[in-house]
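Trainee: These are the residues of each chain, in order.
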Amino acid sequence: MKTTLLNEKRNGAGTDSMQIESESALCKTTLQGLRDLGSEMGPSFFPQLLETFEHDAVERLAVLRSAVAGNEPGRIYREAHALRGASLTIGARGMAEICQRLENLGTAQNSERAPEELALLEREFALVRNEIKQESLIP
Amino acid sequence: MKILVAEDENISRLVLEASLKKRGHEVVAVENGHKAWEAFQKEYFPVIISDWMMPEMDGLALCREIRKLPRDNYTYVVLLTSLEGKTNYLEAMDAGADDFMTKPFDADQLTARIQVADRILGLHKHVTQLEGLLPICCSCKRIRDGTDKWQRVENYIEIHSEARFTHGYCPECYEKWMHSNFPPEEIAT
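Chains as they are written, first to last, in this note's numbering: chain R, 1 to 139; chain L, 140 to 328.
Hint data in this document are derived by calculation from the structure and do not stem from the laboratory.
All values reported here derive from a predicted model rather than from experimental measurement.
Honestly, I wouldn't trust all of these hints.
Claimed, not checked - 27 Å max Cα-Cα, derived DSS-like pairs, lysine-lysine:
#1 Lys-174(L) with Lys-242(L)
#2 Lys-161(L) with Lys-207(L)
#3 Lys-160(L) with Lys-264(L)
#4 Lys-174(L) with Lys-161(L)
#5 Lys-242(L) with Lys-133(R)
#6 Lys-242(L) with Lys-160(L)
#7 Lys-160(L) with Lys-141(L)
#8 Lys-264(L) with Lys-28(R)
#9 Lys-160(L) with Lys-174(L)
#10 Lys-141(L) with Lys-28(R)
#11 Lys-161(L) with Lys-28(R)
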């Protein structure tokens, strides 16, 4: 299986500063940027954004599961593409990386490794979800 | 500036809408190309920021429809993309896109793109004004501007373009001027 830089970091490889980054499934800088944007848009903006991401990701993962089970590269590509866009915007880089690999499989019309990548994506989403809960508690 | 945003992905749309509003723009945000097309037919938007890949009607199809619609005012179209490759960009340019922005967008990049749009729209307005029919007095040759004031031709052009005038005589007028101010024997010398 292809190991990515982010996964290497999460597994403990790299420098100390990289290790700090690896501890978060959500990029703190991106989150702070969104929080700052929210401070001008109203107090509900940031929590609603996190909630929307979580809700949409659950739905897209369900479609991805069905597309992978049905061996549908086109759907795998479309859903992974949309989820990658949302993940990048919210700072979920690990999810975005896995989505990119799923997109590539979809483009190559080869979904052989898709179940494996999907399992990784589900695991990464669980980490992101946990951090979203923590973020939602921070005023 | 009034901006139409078309993006099917909720998070990107919400963040883009908020970022534009923060910069003082009036934003109408919709979730697919078809809804964007409907909104565009109802009213004029100087700028459209649209995702490339969308259900129902994608960004390219939206661009083509916009360019087909005859309107006096130009609409500057920015396509959001995470696609790569020269061929795709050329295809979008052919469809009528003016600019591109990769997702997730950078705040400074967004500001820069809107500034470029504003500049292009301003230039387009100038060109349209210069290409339009201008009422001109058949006697004194002054031009009536948009505020119903009559201006000298050179004043009007200087205000509405970057052109500046230097004053001189054309050969024909120079000849007439010489003959009206000097005797023929003096002109001959």
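Trainee: Each hint needs a verdict: does it hold in this structure or not?
Mentor: Quick rundown of the hints versus the structure:
1. Proposed proximity of Lys-174(L) and Lys-242(L) is supported: the alpha carbons are some 21 Å apart, at most 27 Å.
2. Restraint check for Lys-161(L) and Lys-207(L): not satisfied, since their Cα atoms lie roughly 32 Å apart, outside the 27 Å limit.
3. With a C-alpha separation of about 24 Å, the suggested pairing of Lys-160(L) with Lys-264(L) holds against the 27 Å cut-off.
4. For a cut-off of 27 Å, the pair hint linking Lys-174(L) to Lys-161(L) stands: about 24 Å separates their Cα positions.
5. At most 27 Å may separate the alpha-carbon atoms for a hinted pair to count; Lys-242(L) and Lys-133(R) meet this at roughly 25 Å.
6. At roughly 18 Å between alpha-carbon atoms, Lys-242(L) and Lys-160(L) fall within 27 Å of each other, so this suggested pair holds.
7. A threshold of 27 Å between alpha carbons decides the hint, and for Lys-160(L) with Lys-141(L) the separation of about 10 Å falls inside it, so the pair holds.
8. Taken as a hint, the Lys-264(L) and Lys-28(R) pair is broken in the structure, with Cα atoms around 44 Å apart against an allowance of 27 Å.
9. In summary, the hint linking Lys-160(L) to Lys-174(L) is supported, as the alpha carbons are separated by about 20 Å, within the 27 Å threshold.
10. Only pairs whose Cα atoms come within 27 Å are accepted, and Lys-141(L) paired with Lys-28(R) is rejected, the gap being roughly 32 Å.
11. A hinted pair counts as satisfied when its Cα atoms are at most 27 Å apart, and Lys-161(L) with Lys-28(R) qualifies at roughly 21 Å.
The structure fails to meet hints 2, 8 and 10 from the earlier list, while all remaining hints are met.
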